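If you're matching positions, the sequence shown starts at 1 in UniProt numbering and goes up one per residue.
Think of the hints as simulated: they come from the structure by calculation, not from any bench. On a predicted model such as this, the values are computed, not experimentally measured, just so you know. All residues carry an ideal CB built from backbone N, CA and C; glycine is no exception. Incorrect hints may appear among the rest.
[Unchecked claim] Listed next, with one range per pair, are the computed distances between beta-carbon atoms: (1) Arg123 <-> Leu83: 20 to 26 Å; (2) Arg33 <-> Ala11: 30 to 36 Å; (3) His112 <-> Thr37: 36 to 42 Å; (4) Asp39 <-> Gln104: 31 to 37 Å; (5) Ser116 <-> Glu47: 21 to 27 Å; (6) His82 <-> Val102: 36 to 42 Å; (7) Leu83 <-> Ser9: 22 to 28 Å; (8) Ser9 <-> Arg79: 21 to 27 Å; (9) Asp119 <-> His82: 27 to 33 Å; (10) Asn44 <-> Leu93: 19 to 25 Å; (11) Ala11 <-> Arg136: 26 to 32 Å; (12) Ala11 <-> Val102: 19 to 25 Å; (13) Pro76 <-> Val102: 20 to 26 Å; (14) Glu124 <-> Leu52: 21 to 27 Å.
[As the list claims (entries may be wrong)] The calculated SDA-like cross-link candidates involving lysine to any residue, where the alpha carbons are at most 20 Å apart (straight line), are: (15) Lys80 <-> Ile40; (16) Lys120 <-> Thr14; (17) Lys120 <-> Leu52; (18) Lys80 <-> Ile27; (19) Lys120 <-> Ser46; (20) Lys127 <-> Ile27; (21) Lys120 <-> Arg136; (22) Lys80 <-> Ser46; (23) Lys127 <-> Leu48; (24) Lys120 <-> Glu103; (25) Lys120 <-> Leu91; (26) Lys120 <-> Glu47; (27) Lys120 <-> Leu34; (28) Lys120 <-> Ala29; (29) Lys120 <-> Ser23; (30) Lys120 <-> Ser26; (31) Lys127 <-> Gln43; (32) Lys80 <-> Thr14; (33) Lys120 <-> Val133; (34) Lys120 <-> Asp134; (35) Lys127 <-> Leu91; (36) Lys120 <-> Ile27; (37) Lys80 <-> Asp108; (38) Lys80 <-> Leu121; (39) Lys127 <-> Thr14; (40) Lys120 <-> Gln18.
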Amino acid sequence: MSTEEIHPSDAHLTGYLQRMSESIESINARIARLATTLDINLQNESELNDVLTQNDERPPPVERRKPGAARTGMSPERRKSHLRQELRALLVLRYGVATRYVEQVGVDTTRHILVSAQDKLEREGFKPGAAGVDLRRVFSGH
Numbered sequence: 001m002s003t004e005e006i007h008p009s010d011a012h013l014t015g016y017l018q019r020m021s022e023s024i025e026s027i028n029a030r031i032a033r034l035a036t037t038l039d040i041n042l043q044n045e046s047e048l049n050d051v052l053t054q055n056d057e058r059p060p061p062v063e064r065r066k067p068g069a070a071r072t073g074m075s076p077e078r079r080k081s082h083l084r085q086e087l088r089a090l091l092v093l094r095y096g097v098a099t100r101y102v103e104q105v106g107v108d109t110t111r112h113i114l115v116s117a118q119d120k121l122e123r124e125g126f127k128p129g130a131a132g133v134d135l136r137r138v139f140s141g142h
């Protein structure tokens, strides 16, 4: 048996790491799309802080119409509020997921997963750091 053969435990680990990467990639993609839609620069600390501390902000009240009137959807203000809440929740979720990944697979593997997810977003046309911090700059020290 050669040392290059993949053992069942290695295949399991590879699959597990792949699922971890896919999770972060999908979270980052949604974060980047929401930030773009809401015109929020997540690399700007002030704008990021505004998103993260919005918990006191209440969505606009639901429109009350006559019982027979057709609903065409929610108001633009209400939709924007919902999108901001989703963005905040995803940012918090990503932090928790990354923290859990560090505990499970270590700092280096987590760094690789996060940078790879950012690289994938960039290949899809997003600017570096569209989903938050530009990780290549952070990890390279520039």
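- [ ] Check the following: the C-beta atoms of alanine 11 and valine 102 are separated by a distance inside 19 to 25 Å.
- [x] Once the Cβ atoms are compared, 23 Å apart, the range 19 to 25 Å for valine 102 and alanine 11 holds.
- [ ] Could you tell me whether the CB distance from proline 76 to valine 102 stays inside 20 to 26 Å?
- [x] At 39 Å between Cβs, range violated.
Open item on the list: lysine 80 and leucine 121 were given as a pair; does the straight-line alpha-carbon distance stay at or below 20 Å?
Closed with: Violated, because 23 Å separates the two Cα atoms, which is more than 20 Å.
Open item on the list: For a C-alpha distance cap of 20 Å, please report whether lysine 127 and glutamine 43 respect it.
Closed with: Measuring from Cα to Cα gives roughly 11 Å; hence the hint holds.
TODO: Given the hint of 26 to 32 Å, check if alanine 11 and arginine 136 actually sit that far apart at their C-beta atoms.
DONE: holds, 30 Å
Task: lysine 120 paired with threonine 14 [C-alpha distance capped at 20 Å] - done: Judged against 20 Å, a Cα distance of about 19 Å means the pair holds.
Open item on the list: So if I understand the rule, the pair passes when the alpha-carbon distance is 20 Å or less; does lysine 80 with aspartate 108 pass?
Closed with: Given that 20 Å is the threshold and the Cα spacing comes to 37 Å, the pair is violated.
Open item on the list: Would the hint linking lysine 120 and serine 26 be met if the CA-CA limit is 20 Å?
Closed with: Given that 20 Å is the threshold and the Cα spacing comes to 10 Å, the pair holds.
TODO: Mind checking the alpha carbons of lysine 80 and isoleucine 27 for me, to see if they're no more than 20 Å apart?
DONE: holds, 19 Å
TODO: Mind checking the alpha carbons of lysine 120 and glutamine 18 for me, to see if they're no more than 20 Å apart?
DONE: The hint holds at about 14 Å.
Task: Holds or violated: lysine 120 to isoleucine 27, with C-alpha atoms at most 20 Å apart - done: Distance of about 12 Å is within 20 Å: holds.
Open item on the list: Next pair to validate is lysine 120 with leucine 34; report whether the Cα-Cα distance is within 20 Å.
Closed with: holds, 17 Å
The structure does not agree with the numbered hints 3, 6, 7, 8, 13, 17, 19, 24, 26, 32, 37, 38 and 39 stated previously, though it agrees with the rest.
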